[in-house]
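Colleague: Each chain, letter by letter, is given below.
There are 2 protein chains.
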Amino acid sequence: MSLAIVLVSGGLDSCVTAAIAARRGPLAFLHLRYRQRTEKREFAAFSALADHFQVETRLVVDVDYMRQIGGSSLVDTTHPIPEDDATADLPTTYVPFRNANLLGVAVAWAEVINATDIYLGAHEAESHYPDCRREFFAAYERMVAAGTGPQTQVRIQTPLIDWDKAAIVRCGLALSAPLHLTWSCYQREDLACGRCESCRMRLAGFRRAGADDPLPYASIPRS
Amino acid sequence: MSLAIVLVSGGLDSCVTAAIAARRGPLAFLHLRYRQRTEKREFAAFSALADHFQVETRLVVDVDYMRQIGGSSLVDTTHPIPEDDATADLPTTYVPFRNANLLGVAVAWAEVINATDIYLGAHEAESHYPDCRREFFAAYERMVAAGTGPQTQVRIQTPLIDWDKAAIVRCGLALSAPLHLTWSCYQREDLACGRCESCRMRLAGFRRAGADDPLPYASIPRS
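If you're matching them up, the sequences are chains A and B in order.
Numbered as in this note's numbering, the first sequence ends at 224 without a single skipped number.
Numbered as in this note's numbering, the second sequence ends at 224 without a single skipped number.
A portion of the hints provided could be inaccurate.
No distinction is drawn between identical chains; accordingly, a pair holds when it is met within one copy or between any pair of copies.
Only pairs whose alpha carbons sit at most 25 Å apart, straight line, appear in this in silico DMTMM-like list of lysine to aspartate or glutamate [stated by the list, open to error]:
hint, residue 1, residue 2
1, 41, 198
2, 41, 57
3, 41, 118
4, 41, 136
5, 41, 63
6, 41, 142
7, 41, 191
8, 41, 190
9, 41, 65
10, 41, 52
11, 41, 163
By construction, these hints were calculated from the structure, which means they are not laboratory data.
Note that the structure is predicted; figures quoted are calculated from it, not measured.
Generate coordinates for the entire structure from the input sequences, incorporating the hints supplied.
Modeller: Take a look at the structure:
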């Protein structure tokens, strides 16, 4: 069975994606550090997930240039993380062209380790980010075919693309994915803040799925 | 006039590309270090070219992960640089998916500084690299349109795409491009070796253009 690379940030979505990919065959895990605020906590979650899934082929790379380039509240600490609902066309948490950059690293690694599939947990249903859309991933896959060697065949797999957070939680529970090992908060590393966009979407997903989130929260807003 | 980013490695091709782009409007220069063997010499050439073209908006980023990923004699010092003519389908100097990774950084930066065009000196005529083909750049541009915000319009400009080295040298001389400030050798940083693939292609280009290469060489093979 051919090797699949999973992009693992350490969050809920990448955990469920890894659980889906693990049913298919052997895995390699890729984690990128781009000096986001919660980098250490996310890396700890990545390592715990890799141990859980018994993945030995791991690559952790620094893409500090994302901080140099700036333009996002996730990496630019002079911009506050928003705690209200997104209203702008493009949220301030958007990191410019992030998924294309992450996939670029993954495809280069795929060429070297002969992986045939790259899994990532993007979903367009609840996202305002242009690089989370199905049409973006389809265009990316065509670009890879045009830009790699004749022996390389890489498919971009986004099994969560049409799901909302409740569906992701339900699938994770059904597959016994280790959701307690994940981290989603954009702001804090000790307790999840419960207030940032990522915490609120995660909490709403568990609530709609009728399940309890195993993570500890500093505060949980009323629904 | 809108801003254009030029990918400037410091070599002959990027110098001539910059000279072409400079006729169009204001420029920003992007240079990537990926721990290739001649990184210091290439950075010196980049800086000299940026000074020559009076470009103040510069970004220099480290993409060390290319060395971590390996797979190329340019970044993996356990692989020798070949000195004979390329015969394999894919040369050992091929860095996996390099142009896609470089363009990913350029597009992220373009979103932040509102650049509308990205110039790079790729050409498919004499290249065996799959990510130097016209169809790759066309696919890349479509992927960018699908994956960036609605306010972003980025065109990938490859003015040298159909040219051989002789045509590039002729154009550089016609535009008074500062070819003496460039560096092309894959192996050495003091004198160009004259023997690696890059030196031999450059020397052949000058010879066919009927011009002298202003760089100092350790040895120049008979034509």
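Colleague: Kindly indicate which numbered hints from before are broken by the structure, ordering the numbers from low to high.
Modeller: 3, 4, 6, 11
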